[in-house]
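> Read off the chains here:
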Amino acid sequence: MAKTKKKTRGATAQEMGDSQRSISVSEFFTKNRHLLGFDSPRKAMLTCVKEAVDNALDASEEAHILPEVHIILEVVADAKGHKPSAAQAKRFRVTVIDYGPGIVRQQIPKIFAKLLYGSKFHRLRMSRGQQGIGISAAGMYGQLTTGKPVKIISRTSAKNQAHYFEVQIDTKKNEPRILEKKQIEWENHRGTQVTIELEGRYVKGRSSIDEYVEQTAIANPHVKITYDPPDGERRVFERTHNELPEQPREIKPHPYGIEFGMLLKMMHDTKSHWLSGFLKSDFSRISGPLADHICKEAGLSPKKRPRDIHGEPAEKLYRVLQATKIMAPSTNCLSPIGEKAILYGLYQQIKGDFYTAVTRPPAVYRGNPFVIEAGLAFGRGSGDDQKKKRKKTIDGPLAEGEGKDTQRELARIIRYANRVPLLFQMSGCATTKAVLDTAWRNYGVSQSRGALPQGPMVIFVHMASVWVPFTSESKEAIADYDEIKKQIKLALQECGRRLGIFLKRRDRAKSEFRRRNVFELYIKEVVDSCNRLKGGKLPVKKLTKQLTEIAEKVTGGTKTDEILGKTGAGPEGLPSSIIVTEEGVEGDIPLMAGDTIELPLGDAPPQAPGAEEPESVSPEIEKAKPKPKKKAKSKAVKKKKKPAPKAKKKAVKEKAAKKKAKKKPAPKKKKKSLPAKRKKK
Amino acid sequence: MATSKQRQAEVKRRLTGLADMVIAAAAKKKDPMMKIPVRSLSNVKFNGKKRIIEMGKKKQERSFFNLGQAKKFMQTILVADALAELQNANLTTSLREIYYRTKHTIEGSHENTFDGQNESDPLIEDLEVSLAALREEFHVRADNGGTMVGPIVLEDDGDRIDCTKLGKGGYSIPSIVEPGYIDIKKCTADFVLLIEKGTQWNRLSEDKFWKKFNCILLTGNGQPPRGVRRLARRLHEERKLPVYVLVDNDPWGYYIYSVIKQGSINLAFESQRMAIPKAKFVGLSSFDPGKYDLPRNVGIKLNDKDINRAKELLNYPWFQKPHWQKEIKGMLSSGLKYELDALANKDFQFLTKVYLPQKLKERDWID
Numbered sequence: 140m141a142k143t144k145k146k147t148r149g150a151t152a153q154e155m156g157d158s159q160r161s162i163s164v165s166e167f168f169t170k171n172r173h174l175l176g177f178d179s180p181r182k183a184m185l186t187c188v189k190e191a192v193d194n195a196l197d198a199s200e201e202a203h204i205l206p207e208v209h210i211i212l213e214v215v216a217d218a219k220g221h222k223p224s225a226a227q228a229k230r231f232r233v234t235v236i237d238y239g240p241g242i243v244r245q246q247i248p249k250i251f252a253k254l255l256y257g258s259k260f261h262r263l264r265m266s267r268g269q270q271g272i273g274i275s276a277a278g279m280y281g282q283l284t285t286g287k288p289v290k291i292i293s294r295t296s297a298k299n300q301a302h303y304f305e306v307q308i309d310t311k312k313n314e315p316r317i318l319e320k321k322q323i324e325w326e327n328h329r330g331t332q333v334t335i336e337l338e339g340r341y342v343k344g345r346s347s348i349d350e351y352v353e354q355t356a357i358a359n360p361h362v363k364i365t366y367d368p369p370d371g372e373r374r375v376f377e378r379t380h381n382e383l384p385e386q387p388r389e390i391k392p393h394p395y396g397i398e399f400g401m402l403l404k405m406m407h408d409t410k411s412h413w414l415s416g417f418l419k420s421d422f423s424r425i426s427g428p429l430a431d432h433i434c435k436e437a438g439l440s441p442k443k444r445p446r447d448i449h450g451e452p453a454e455k456l457y458r459v460l461q462a463t464k465i466m467a468p469s470t471n472c473l474s475p476i477g478e479k480a481i482l483y484g485l486y487q488q489i490k491g492d493f494y495t496a497v498t499r500p501p502a503v504y505r506g507n508p509f510v511i512e513a514g515l516a517f518g519r520g521s522g523d524d525q526k527k528k529r530k531k532t533i534d535g536p537l538a539e540g541e542g543k544d545t546q547r548e549l550a551r552i553i554r555y556a557n558r559v560p561l562l563f564q565m566s567g568c569a570t571t572k573a574v575l576d577t578a579w580r581n582y583g584v585s586q587s588r589g590a591l592p593q594g595p596m597v598i599f600v601h602m603a604s605v606w607v608p609f610t611s612e613s614k615e616a617i618a619d620y621d622e623i624k625k626q627i628k629l630a631l632q633e634c635g636r637r638l639g640i641f642l643k644r645r646d647r648a649k650s651e652f653r654r655r656n657v658f659e660l661y662i663k664e665v666v667d668s669c670n671r672l673k674g675g676k677l678p679v680k681k682l683t684k685q686l687t688e689i690a691e692k693v694t695g696g697t698k699t700d701e702i703l704g705k706t707g708a709g710p711e712g713l714p715s716s717i718i719v720t721e722e723g724v725e726g727d728i729p730l731m732a733g734d735t736i737e738l739p740l741g742d743a744p745p746q747a748p749g750a751e752e753p754e755s756v757s758p759e760i761e762k763a764k765p766k767p768k769k770k771a772k773s774k775a776v777k778k779k780k781k782p783a784p785k786a787k788k789k790a791v792k793e794k795a796a797k798k799k800a801k802k803k804p805a806p807k808k809k810k811k812s813l814p815a816k817r818k819k820k
Numbered sequence: 006m007a008t009s010k011q012r013q014a015e016v017k018r019r020l021t022g023l024a025d026m027v028i029a030a031a032a033k034k035k036d037p038m039m040k041i042p043v044r045s046l047s048n049v050k051f052n053g054k055k056r057i058i059e060m061g062k063k064k065q066e067r068s069f070f071n072l073g074q075a076k077k078f079m080q081t082i083l084v085a086d087a088l089a090e091l092q093n094a095n096l097t098t099s100l101r102e103i104y105y106r107t108k109h110t111i112e113g114s115h116e117n118t119f120d121g122q123n124e125s126d127p128l129i130e131d132l133e134v135s136l137a138a139l140r141e142e143f144h145v146r147a148d149n150g151g152t153m154v155g156p157i158v159l160e161d162d163g164d165r166i167d168c169t170k171l172g173k174g175g176y177s178i179p180s181i182v183e184p185g186y187i188d189i190k191k192c193t194a195d196f197v198l199l200i201e202k203g204t205q206w207n208r209l210s211e212d213k214f215w216k217k218f219n220c221i222l223l224t225g226n227g228q229p230p231r232g233v234r235r236l237a238r239r240l241h242e243e244r245k246l247p248v249y250v251l252v253d254n255d256p257w258g259y260y261i262y263s264v265i266k267q268g269s270i271n272l273a274f275e276s277q278r279m280a281i282p283k284a285k286f287v288g289l290s291s292f293d294p295g296k297y298d299l300p301r302n303v304g305i306k307l308n309d310k311d312i313n314r315a316k317e318l319l320n321y322p323w324f325q326k327p328h329w330q331k332e333i334k335g336m337l338s339s340g341l342k343y344e345l346d347a348l349a350n351k352d353f354q355f356l357t358k359v360y361l362p363q364k365l366k367e368r369d370w371i372d
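These protein sequence lines map, in sequence, to chains A and B. In this text, residue positions in the first sequence follow the numbering used here: the first is 140, and each later residue adds one. In this text, residue positions in the second sequence follow the numbering used here: the first is 6, and each later residue adds one.
No lab work stands behind these hints: they were computed from the structure. From the three backbone atoms N, C-alpha and C, an ideal C-beta is built for every residue, glycine too. Keep in mind that the hints are not guaranteed to be accurate.
Stated by the list, open to error - Some chain A residues judged to face chain B by a derived CB distance under 7 Å, without partners named:
1. W606
2. V665
3. C669
4. K680
5. L682
6. Q685
7. L686
Model the full assembly from the supplied sequences, consistent with the hints where possible.
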């Protein structure tokens, strides 16, 4: 008894001191892997793919190579050689191949098997990855769950040999342990291939790898992605935009964006000997006179050695820095996706009737420059699936109570930070809050209080910044800074305004047509009934003709027909189901007709025909409004001839082709006019 | 009846008139339009002299080339067509059958002429009002909603019906009781007792109350349908029988009484031949529980809906008589309502043996 009592009294300081030792980062993350997005097998596999793809894209872009990525997911057979189905499998092999610059031999082990090792952490530059935790953490997760090493093949050019490595991480030391290295033959001239075996789950649907790949393709139309899911067919996301995004530049920190500790560290590390020189050279937007001014305000000599400033004076300096009016940081360190590219991406991956994109001018939060971009895809498009769906729901006349349960779907938000899709924690994201705060009802979209807008709509939001403020280290949601939310809202409002114009336009044409149709339909009923009432002695034809004439007079004569090209707009006669088809987007509808070809003039000429989408929705809408409406179609076409004769030919050709092959799904047709394909021709 | 044939021709002529209207408008290149009196509280007036509810003069227009009305216009014409067909074939039918008869797919579309009966029913009422014809004259019947026993002999479709010899069940009142369909051959009763509830009617019928007090027992199972109201009115008019109404002591009971007495808001145009301004309210009055010593615990607490409805009733012009204000306010101040069935608390036959005899003897009713 006495003995145990003694023990419970606790350890002495000496004993405690003995048991204290440093913890390596790797050990820490082994125990806290949820912090990095490895909390469940399902999410872990997604994170793994994500990190590998992010690295591949960053590297390729930095080397000015149009990125191409190949993702392969395979089920790993168990000990008995039995291979479970993809849905049930628990062990997977993830392989990501890129055709980028490759990695020099010496660096390979460190990049893949040392946490917090990378090129991106120490500079203020926009990139997908930021801390250098990602891919090594993924390797460590694989190692932890399967015991298998990470396998890497890399080659820097056709002249050099390809290197093959198998590496593991020494979790105690946070150092790579090389299990195997050799030179091998590799069919690729350059690039990197990473293979990680891990415990995972393959699930479809929301927040799945499939979704990640699709969304990546939307925000990165300059990337070609080949994706082999574990169960299904290969999916290829073709490159639709042949331009590399502009390379972001590295910048120095802005005084508003640093914290006190950071300032101390910078003063300690600086190469400058004078305080004024330090301020001028180590920060952005501080000029010589401004540096002197700051020194004076802080009561410090400009010639003081930065290293010698501590304590109270340093704090004063910090306060002065924050209080001084300094120009916002330069924004050339950012590389937004661009309106055109967003449109391509949305158009390629999402079926709809209307697309738009907005890139906001750069703004600043806490000294970090950022750019918000928003996009919107609205409608259901008119592909074959759509037709099938409709057939399923309504075939023939409806019985009582049928077909009235139209459940309203909610808009889908796709979020990006530095071109990387964010798939988790939607509700906690500044993006979602901004979408909820936007008054969509002003734009003809219904929205319940505090809910997402309703309708077949995809809302795209991208934040590009040298430092995206995530809510957690696993990079799932953007923190809710006022400035960020405000910019997102402004971008969304612009998208909404354009959508509103489109909807109003479409509704107007639709309602005119509907009126006509309704009357025409009902005239027959009324005439028949009257005829029966009169005992069958009525001159039916005469009455019908008279009534039809009145109907035409009431609804504005033949105009409606013209506007809608009454030939084939929607299932015949069904007034409530006129669909704005792809024809609409391509020019039969007044909205798009004018701008399709007028636009590219001001744009980069080589892309002329492809540029029809991009700003189609910007101010040109207003310009194009009255023209095509009044004039007959043929005239409108003629007009277009002057600026871009080739484009006109193409349009005509396409129209003809369309008529021939009506069943062809719309997006394919569209592809023809996209620049990628055109260049190949 | 001779007038009936004439009348039938007249109704048909009015239905055909709709077609003429369309033809005339079309010839003049004008939008065909019909005018339909508004059927709502806003277009109802209480005629203090006749003491019945009458329809006002407000009319709404329904034109064909108006997007919001086109379908309704078309439907109205369709219904008129179906009604004319009934006239020609000399058949009667139900509202539901009219709906099915007129329902079809509009040629060249997937749209139905009618999607539900709720679309066609009001149109029949519209036609009744605008063509000043009765539903019965359109040959449209409602459900058989009521029953009757008592010393009366009717002729229905050539059958002689003696309502003293129909057992406990009684005679099921058809919805069309116009002369020509139903003729009163003989009636020796002294008064008519109209009871809201079927259960209490059963009680009285079983106890042969009608024999003892020489009266006709009628019930409409709740809000009495047109047939019951019309028959009561005919007995009152043709045979000069006083009509007494026995309803629950709640706002809905009061309203049923008022409908019998001066007509309903929705069918205000029918009051002329349905309302019985001299009908009397025998019970259950707010003061009966006290008078007949009903315990408080057989009452039911008034809910918010009841209270609101009662307050509405207080404002109706036909409830402005002081004793009615007193009656309704009495209920409100007690906070309770009583069902007729609650009388069974005293005795199963309390209604037949004590309550009604005493009421009739004391002439304890409200006008």
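> Give me the numbers of the hints this structure contradicts, sorted from smallest to largest.
1 and 4
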